[in-house]
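Novice: Sequence:
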Amino acid sequence: MYIKLLLVIFSGLSFLIYGIGSFNSRRMNSEFIRWGYENYRHLIGTFQLLGGSGLLIGLFFKPLIILSSSCLTLMMIIAVYVRFKIKDPFRMILPALFYTIINGLITYLFI
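First residue of the sequence shown? That's 0 in numbering that gives the first Met the number 0, and the numbers climb one at a time after it.
Fair warning: there could be bad hints in the mix.
[Unchecked claim] DEER-style ranges, computed between Cβ atoms: (1) Ser24 - Lys84: 17 to 25 Å; (2) Asn28 - Leu108: 29 to 37 Å; (3) Met91 - Asn38: 18 to 26 Å; (4) Phe9 - Ile76: 29 to 37 Å; (5) Phe60 - Glu30: 28 to 36 Å.
Source of the hints: derived by calculation from the structure; they are not laboratory data. Think of the CB as a built atom: it goes at the ideal place given N, C-alpha and C, for glycine as much as any other residue.
Using the sequences and the accompanying hints, generate a full structural model.
Specialist: Here it is as structure tokens:
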């Protein structure tokens, strides 16, 4: 139970931080430009905020954890695809892959 809780809190806080960064970080802005998704920066940031919030609120309502972690897993699968598509080196793909695995694991553990 402790591991499940730790994974949810870690991922939830991470996505809240990344979501906020999508709105006001110069580095994140330049990354969205590099990925070719600069017009979707605010939308993706909103999804990150919703997903992170959903994980944390889901600690009190289990179906929300399953929904949020499933959506975040899908979003991170797409992020991994985009990283491969733009030919990022593997070390730059690892964070997206890491969050794909973590959120997939959260989904699995809470089903």
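Novice: So which of those numbered hints doesn't the model satisfy?
Specialist: 4
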